[in-house]
Amino acid sequence: MKLIKILILSLFVFIQAKADTIYNLIKIPNLEIYEINTSNKLRYLYAKQPFTIGIDNNINCYNSEKKRLDKKYKIIQKNLNKYDQVFLKKINLKYIVLCEKLSISGILTAGIPDHKMKTLIIDIKFDSKYFERVLHHEVFHIINDGYKDYFDEKEWSKLNDDNFKYTACSTCSNKTGLYVYKEFNGFFTEYSKSTASEDMAEVYSHIISDKDNVELKINNDPILKKKVEFIKENILKIDKNFKF
Amino acid sequence: MIKKIKASLSEKITFIFLLSLGIFSLTSFLLIKDKCLFVKDYNPLKITFDNPKNIAILNVPCGNVIIELYPNVSPNAVERFKTLIKSKAYDDVAFHRVIKDTLVQAGDLEFGKKGNLNYGKIGTGKSGLGNINSEVDVPFNFKKGSVALARTQKYNTEDSQFFIILRDEPLYETEYTPIGKVIYGLEALKKIKYLDKSQYVLRPDYINTLRMLIN
Numbered sequence: 001m002k003l004i005k006i007l008i009l010s011l012f013v014f015i016q017a018k019a020d021t022i023y024n025l026i027k028i029p030n031l032e033i034y035e036i037n038t039s040n041k042l043r044y045l046y047a048k049q050p051f052t053i054g055i056d057n058n059i060n061c062y063n064s065e066k067k068r069l070d071k072k073y074k075i076i077q078k079n080l081n082k083y084d085q086v087f088l089k090k091i092n093l094k095y096i097v098l099c100e101k102l103s104i105s106g107i108l109t110a111g112i113p114d115h116k117m118k119t120l121i122i123d124i125k126f127d128s129k130y131f132e133r134v135l136h137h138e139v140f141h142i143i144n145d146g147y148k149d150y151f152d153e154k155e156w157s158k159l160n161d162d163n164f165k166y167t168a169c170s171t172c173s174n175k176t177g178l179y180v181y182k183e184f185n186g187f188f189t190e191y192s193k194s195t196a197s198e199d200m201a202e203v204y205s206h207i208i209s210d211k212d213n214v215e216l217k218i219n220n221d222p223i224l225k226k227k228v229e230f231i232k233e234n235i236l237k238i239d240k241n242f243k244f
Numbered sequence: 001m002i003k004k005i006k007a008s009l010s011e012k013i014t015f016i017f018l019l020s021l022g023i024f025s026l027t028s029f030l031l032i033k034d035k036c037l038f039v040k041d042y043n044p045l046k047i048t049f050d051n052p053k054n055i056a057i058l059n060v061p062c063g064n065v066i067i068e069l070y071p072n073v074s075p076n077a078v079e080r081f082k083t084l085i086k087s088k089a090y091d092d093v094a095f096h097r098v099i100k101d102t103l104v105q106a107g108d109l110e111f112g113k114k115g116n117l118n119y120g121k122i123g124t125g126k127s128g129l130g131n132i133n134s135e136v137d138v139p140f141n142f143k144k145g146s147v148a149l150a151r152t153q154k155y156n157t158e159d160s161q162f163f164i165i166l167r168d169e170p171l172y173e174t175e176y177t178p179i180g181k182v183i184y185g186l187e188a189l190k191k192i193k194y195l196d197k198s199q200y201v202l203r204p205d206y207i208n209t210l211r212m213l214i215n
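Chains U and H, in that order, are what the protein sequence lines are. When we follow the working numbering, the leftmost residue of the first sequence carries the number 1, and every step to the right adds one. When we follow the working numbering, the leftmost residue of the second sequence carries the number 1, and every step to the right adds one.
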């Protein structure tokens, strides 16, 4: 038994401490490069093995099979190619991490943005019906984290009816539906009603992913119209050449 | 009366064998101990350079490392590097962060000086000249031998610390400010002392001198 212990210990002593460049850059382990030669300089990474990060290791994500990765990459790249290198630099987004069954504190989530580390983790297995729009929703959170002054939540809340109140956090209620309302009444989706920042992200994601229809949709909804104008105005403050 | 005993042939062979073994072991020990034995030392005076004004000579325990600086890629960073070289600020400064076959990092002028090494703070020291802005917009291929300024997690925190990569690192493009490339002597950097279990080196190797070829 002693001999086995010594053998195991000596294994740790003699194993070489390897350099993990990706970990050093964005503090997420078990990642590999998927594609880095992109027109807008986004770097796509994928989970080679499951990883756990965050405070109390509360963020988990799993590796995917190559087939799914290849399929979803095309969709993700098509959508994120809408952002040019200049804009991405301004909003501080550089790394896209592809994995599946992404969860935070046990709650499944579509994406986790980290403005500080220039990283967006995406669950490539997320509901395909909303997948493309959700990508832009998460990009907005990166934008919002870098430009809090532009996207003032109090100012935004004033655009709603006086008697409406958001909940304390995005998971503090059951308002998590992403289906688009037929009658908007100031909100595109049920999830919009959770918090001001989620509402902003929902409006932004509709502007980007459904730009041809969004103007028509908001014509009879003065609140939503103001919200769309608010988002557009402030995005243009960040990059006057931004194309919606 | 003591009778002389003549060694037999087999005893003579055994003696010669043991003697040879002893000499071989001693020589091997001395050779293996010299980590620089097979490292070529380059003499910059015997090399013709296209742009000698941008050539820096980093002298390390195993010889000269010749670096070509790229002021057209990162003018401010190269200027800072040259300023510190000209004031001999890098002399006797530790290679405090070394990852085998990956990178060597030096240039902590505050906590990395020989005789004044502060293991608790090494890697956080400053030059006293202040931070400079990152210069990461010009496309740069981070191939083996590339030299770049180190920074904290935030951009625009470059100062005096620099690193040299010993393998290709394509992800470093737009992350770090490149200042040049090793054109001769990369092998000498591979012999810089490293630890197996930590990137930060106890009793590290030092830069002997760092000079511009033409002052």
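Treat the hints as calculated values from the structure; they're not laboratory data. It should be emphasised that the depicted structure is a prediction, and the values quoted were computed from it without experimental measurement. Take the hints with a grain of salt, since some may be wrong.
With a straight-line Cα cutoff of 30 Å, these simulated DSSO-like cross-link-like pairs (lysine-lysine) come out [to be verified]: (1) K143(H) <-> K41(U); (2) K89(U) <-> K243(U); (3) K88(H) <-> K116(U); (4) K100(H) <-> K116(U); (5) K126(H) <-> K27(U); (6) K144(H) <-> K89(U); (7) K48(U) <-> K82(H); (8) K35(H) <-> K90(U); (9) K237(U) <-> K89(U); (10) K27(U) <-> K3(H); (11) K35(H) <-> K89(U); (12) K116(U) <-> K35(H); (13) K116(U) <-> K240(U); (14) K114(H) <-> K116(U); (15) K46(H) <-> K126(H); (16) K190(H) <-> K82(U); (17) K74(U) <-> K243(U); (18) K35(H) <-> K27(U); (19) K27(U) <-> K197(H); (20) K48(U) <-> K35(H); (21) K41(U) <-> K74(U); (22) K240(U) <-> K154(H); (23) K27(U) <-> K143(H); (24) K126(H) <-> K144(H); (25) K154(H) <-> K27(U); (26) K116(U) <-> K190(H); (27) K143(H) <-> K90(U); (28) K71(U) <-> K82(U); (29) K143(H) <-> K74(U); (30) K27(U) <-> K144(H); (31) K226(U) <-> K154(U); (32) K35(H) <-> K41(U); (33) K48(U) <-> K100(H); (34) K197(H) <-> K89(U); (35) K90(U) <-> K88(H); (36) K237(U) <-> K154(H); (37) K125(U) <-> K71(U); (38) K197(H) <-> K41(U); (39) K88(H) <-> K35(H).
Any of the earlier hints contradicted here, and which numbers? 3, 7, 8, 10, 11, 12, 14, 15, 16, 18, 20, 26, 32, 34, 35, 38
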